[in-house]
Amino acid sequence: GAVVSQHPSWVICKSGTSVKIECRSLDFQATTMFWYRQFPKQSLMLMATSNEGSKATYEQGVEKDKFLINHASLTLSTLTVTSAHPEDSSFYICSARARVTGELFFGEGSRLTVL
Amino acid sequence: SQKIEQNSEALNIQEGKTATLTCNYTNYSPAYLQWYRQDPGRGPVFLLLIRENEKEKRKERLKVTFDTTLKQSLFHITASQPADSATYLCALSNFGNEKLTFGTGTRLTIIP
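In order, the protein sequence lines correspond to chains A and B.
Read in the numbering used here, the first sequence has 40 at position 40, and its numbers run on one by one without any break.
Read in the numbering used here, the second sequence has 59 at position 59, and its numbers run on one by one without any break.
Hints were generated in silico from the structure; no laboratory data involved.
Each residue gets a CB set at the ideal place from its N, CA and C atoms; glycine is no exception.
Don't take every hint at face value.
Covered stretches of chain A, as calculated for chain B (at least 3 residues, CB under 8 Å) [said to hold, decoys possible]:
no., segment
1, 17-28
2, 62-75
Cut-off 20 Å, straight-line C-alpha distance, at most; resulting in silico cross-link-like pairs (PhoX-like, lysine-lysine) [said to hold, decoys possible]:
no., chain 1, residue 1, chain 2, residue 2
3, A, K66, A, K20
4, B, K71, B, K99
5, A, K41, B, K3
6, A, K66, A, K55
7, B, K71, B, K17
8, B, K71, B, K55
9, B, K3, B, K71
10, A, K55, B, K99
11, A, K64, B, K99
With these hints in hand, go ahead and build the complete structure from the sequences.
The following block contains the structure:
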């Protein structure tokens with residue numbers, strides 16, 4: 001089946017640094033990608049919707065200047081957590097909607113730990 | 001505001017029995033309801049999608065019902081196996097693959 005790859009799968013960084021997480025659709029083109037955040041024992045919360053070639057749409061309460069999203073191609077979206085703080089530590093998951101079939105596939109997630 | 005609740009945070013079921021998970025929602029009129037499986041430290045994996053005009057959908061040992069009057073979906077796993085142990089999430093959307101709103105999840109453990 002279709003695969004969505006996230007990299008890195010886990011990252012530890014110091015407070016104040018920026019971290020970039022990549023989301024790639026490996027064998028299909030994705031017109032739309034979604035970024036979610038999941039805290040321990042909680043559900044996935046949508047952060048933003050990313051459309052190829054246009055600006056991302058952020059959910060209420062999500063700071064767009066802190067969580068920079070770039071969807072530069074039909075197979076790649078990136079999420080950059082700028083000036084990370086310990087409260088940004090979370091599991092970040094992307095999903096991609098296939099351009100041809102409209103099916104939705106989720107990545108394996110990226111665990112961010114900010115010290 | 002929209003709210004999605006799954007019946008319990010954790011559920012233990014004896015192997016071979018049917019596991020039934022509940023998803024209730026308020027302040028929402030979804031066109032689609034989906035169920036996902038999530039293993040620890042992994043992303044969700046799609047299981048089943050049911051539309052608002054469908055009452056029931058089956059896939060192998062899985063069965064999903066959707067009652068838009070009660071605003072509830074039931075997710076059944078028959079002949080449960082230890083490998084079915086995972087967290088199960090329900091998710092609602094207005095259109096097939098637009099923004100999904102996820103429930104809180106139920107951690108299911110099948111006891112051998």
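Hints, one by one, checked against the model:
1. 17-28: violated (count 0)
2. 62-75: violated (count 0)
3. K66/A / K20/A: Distance of about 12 Å is within 20 Å: holds.
4. K71/B / K99/B: The hint holds at about 19 Å.
5. K41/A / K3/B: Holds: K41/A and K3/B sit about 17 Å apart, inside 20 Å.
6. K66/A / K55/A: OK: K66/A and K55/A at ~15 Å, within 20 Å.
7. K71/B / K17/B: Between K71/B and K17/B the Cα gap is close to 26 Å, so the pair fails against 20 Å, i.e. violated.
8. K71/B / K55/B: 12 Å, holds
9. K3/B / K71/B: Holds. K3/B to K71/B sits at ~11 Å (cutoff 20 Å).
10. K55/A / K99/B: 16 Å, holds
11. K64/A / K99/B: Holds, at about 18 Å.
Hint check: violations occur at hints 1, 2, 7; the rest are consistent with the structure.
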